[in-house]
Amino acid sequence: MRRTAVKNDERITLATFLQPAAYLTPFMLGILIFTVYPFINVVLISFREDYKVLSREFSGYGLGNYARVFADPTFINALKNTAIFVAAVVPAATVISLLIAVLLNSKIKLQGLFQTAFFMPMVTSVTAVGLVWRWLFNFDYGLINYLLSLFDIGAINWLNDPRYAIYSLIIYGTWSMLPFTIIILLAGLQNINPQFDVAAKADGASPLDIFFRITVPLLAPTIGLVIIVNMISASKVFMELFPLFGGKPGPAYSLYTVIYYMYEQFYVKWRLGPAAASAMILFLIVLVFTLIQLLLQRKWKNY
Amino acid sequence: MSDLVKKTLIYTLLAVGAIIMVFPFFWMFISSLKTAAEVNTSPPTFLPAVPTFQNYVFALKTAPFARYFLNSVIVTLACVTATMFTTILGAFAFSRLKFPGREFIFASLIAMMMIPFEMLIISNYSTMVAWKLIDTLPALIIPFTSSIFYTYILRNFFLSVPDSLYWSARVDGASNWTYLWRIMVPLAKPTLVTIGLLNAIIAWNSFLWSVLMINTQAKRTLPFGLFAFTTESGIRYERLMAGATIVVLPMIILFLTARKSIVTGVSRGGMKG
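If you read the sequences in order, they're chains V and B. Heads up: the first sequence begins at 50 in the working numbering, then just goes up one per residue. Heads up: the second sequence begins at 1042 in the working numbering, then just goes up one per residue.
One chain only, chain B, in its complex shape (with noise of 0.2 Å):
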């Protein structure tokens, strides 16, 4: 084969590819912006005749998205910051504090990262209900606060570590927790960005738990949100797709401006949260 022709065929592949994978999000986007009279023809036609944002002020108009988004704002943040604080104390006491059982432990954890989600929410809906947590945004994050995986990652980096250094900054006077926050978390801040926005992706789009959780319409969260108005205002494709659009945006702009941190990190870990 010559180098022409197969340059031309990886090309050509890739692009077919990225063009399928991307299309989705083209299309959401250019439908939100069609009328209802131009979303239903055959054939379709490509770019709007003339772009509107009728269906925006539609969707924001019949179904709280504004809430829905400050919603999504509060549990993503609130999620985040939880298990950030959980992950970096306890991924500091399975790399560099010793105590009996440490390794058992930590081979247990990693055991129970098999058990699905889904599982447990047969238990977890009434340890929710117990604790008077239903329908409240609470309740979307307090189950939220500890993440096996997150801190599996965060060990290994502190592991990688030299030793030197815990042991110089002890001498010149440093406690553990100082040493921690002073030192080794700003090393660690590559590693806490990925992981950080990997919470915030994961948090931002979680869905099935909104939905045994939440009741009352304000305090839906995005995702929810959407597919309730799929059956609130019908199924009218160009107004769906403009809810989709608003709730997708945010985490690709994120994704957009984050790329190599999100990319280089899960490949580090090599395993999905």
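Okay, chain V solo, but in the shape it has when bound (with noise of 0.2 Å):
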């Protein structure tokens, strides 16, 4: 009786719907609930023209909410430092990462102890750690202001002259970038096989040549997957914010992302049409370069 009832699995009756959707029911409805219909909603509510939020009203479909974001001064200025932000954050990241990872992988003592150092920061909370940095920055009592005095460079106003707000923005998000980072590229370096390196040194190449030649061409796949995922990351940077610049985008309002700025488009002035544009904005430009890297990628392992 149980063989057949087996057997049966294989062929197309009801009850081949009805336990799966039993076993699916749970995970596919907060999917549903909170990804998919949010999604649809969203893209939806990014063409309305006139939406009113409490009457849910609209006058029809369009892109009035692109043209005026597009013709904002401050998304146009949250765009550019969203970009800016992400170019310097990843390509940091990853190199830094990569050099400490390999570091890592050498024949080392205290490897236990180093890895438990370089990971940490991954476990912990932006709004905690960030305000250790806004301390760390502070003008005049600051460690790091400290520090360069040390070498005779003045205070810096890290955290309320426009000029350098940025740039704090940018050390903090390196530094809390580079845990998972290195997590991954070491990962990845250790499943490369070690008979290469010995077969290169035997034909004698330099440390840097098995670097260049081997180690980062083998890496490759690696190194792209971090590039990307630590891009999608970046480009939401937001939540730094609250913590170096107690909620505010920045002194004078100077450092807006895209991401601040569908929160306060979305949460402080409820202008939902918007915040839901700003928003696809982001996900469009985010999806055209992470398509255009997986492309490269392909094309560079067909050499």
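Rather than coming from a laboratory, the hints here were simulated on the basis of the structure. Every value quoted in this text rests on a predicted model; they were computed, and no experiment measured them. Cβ atoms here follow ideal geometry from the backbone N, Cα and C, with glycine treated the same way. This list has only true hints and no planted wrong ones.
Sample of chain B residues facing chain V (criterion: CB under 8 Å; computed from the structure): (1) 1051; (2) 1054; (3) 1066; (4) 1068; (5) 1083; (6) 1140; (7) 1150; (8) 1153; (9) 1155; (10) 1168; (11) 1187.
Distance condition first, Cα-Cα at most 20 Å in a straight line; then the derived DMTMM-like pairs of lysine to aspartate or glutamate: (12) V:297 / V:121; (13) B:1048 / V:258; (14) V:129 / V:313; (15) V:156 / B:1044; (16) B:1047 / V:246; (17) V:158 / B:1044; (18) V:297 / B:1273; (19) B:1139 / B:1204; (20) V:101 / V:313; (21) V:297 / V:210; (22) V:318 / V:99; (23) B:1047 / V:258; (24) V:318 / V:106; (25) V:129 / V:210; (26) B:1048 / V:246; (27) V:250 / B:1044.
Some chain V residues well away from chain B (every beta-carbon gap over 10 Å; in silico): (28) 108; (29) 110; (30) 129; (31) 206; (32) 253; (33) 254; (34) 263; (35) 265; (36) 269; (37) 272; (38) 276; (39) 346; (40) 347.
Take the two lone chains and join them into the complex the hints point to.
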């Protein structure tokens, strides 16, 4: 009897749908209600003209929200700041992490201790650690300005001068991106067959040769993955502004980011149309960059 | 380059890097034990002249950090338990049960991982308003009971278990349900621990959603409570550092006890949660 029951699983009957449906329902409910529905909804809201939050009335569909957002100098500034942040943080974090990962992968003692140190920031809250950075960046008593004074560099107004605020954000952003990047690159390195190294050394290759001619090409898919994931997460820079600048988008409102702009349009001004449009613009830009990178990687693989 | 020079260089670079990574935590803790006068001195002192717990006393007295802590524990435990349940069932369906459209649905889910959560809040907020959940702890839990990423990781593990195990269990009379909970779940324990830890870290540190959902002081979670503390108590760094230590310490302890499984789990998964 049981055996036939098992065999019946292979034929499409009502039961073929019922059992998987029962297993999937708890999972799919969450995804449908809190990812699929809101995504469709936000796309629709972004195209609605004169959308009223309370009555949910709107006059039709169009590109009005997108036009309004692009005409807003604050949004352009936010787009610029986000682009600078991504362009600075992603390469910096990747290069530093690659160096650290290679060093961690060489035969060293105290491996566990070093790993613990490098990975620790990954588990901690942006809000709490951001407050420490705010304290380190403090103009009068911060440790960073004190260390600079040892080298005869005058105190920098890291957080209150619009010229320097973005550097503070970049330094903090790079620091917090390192642990995850190092972990992934280290795992990639550990999957490379050590015989390549041995063979290259036997042929008299220098360590730099080995790094650029063997390690980097073999690690290329992992590096590509790290760049994509970090680009996506850096493009959403926003929460860091809360602890660093007390919830304001930088000194004199100079450091808007796209998600901060979206947050303000949504939660402070209750203008849902522009909020949705700005989120869509960021999503589409990141999507295009991701696809371009995936294409390049595929091309590069066929050398 | 001689071996000694090379070794020295490697260790120096690693040590400097490690100090930069850990230093903010050290500085947080050290500053939290200083008096207001000592925090605001130049040049800064490294170790507190006379360690004091006054800042912790102040933090606990002015802001209900104990209450925040309890809220964070409740939200984190509920999120992790619910997510584990939906993930186990979902991953089993996507790896073992056969149904039309399985691969298509799964591929669509993977593509959805690109959608930033920040974008969805615009609509999820109205859902919570419609469900009358604003300013309640369930609002911090209900939207976070399913995770595509964790389901993806667990499904990959389930797929690596040989088919023969399933068929012999079925021949022995085990139903899918029994097989899943008696055989697969115990086998997947390391993966489940990793997923649970990553999930706990994310739930514990969640900030933006709590700011949107919670209005009442007594319902705040720790990261939001800490941020509110900065405006309520003014910028007094020795006090803020005490508050920050309260927020960060539980996760650091969790990390130190479970470092191995967190690290191997993240590197095997190869993506952020």
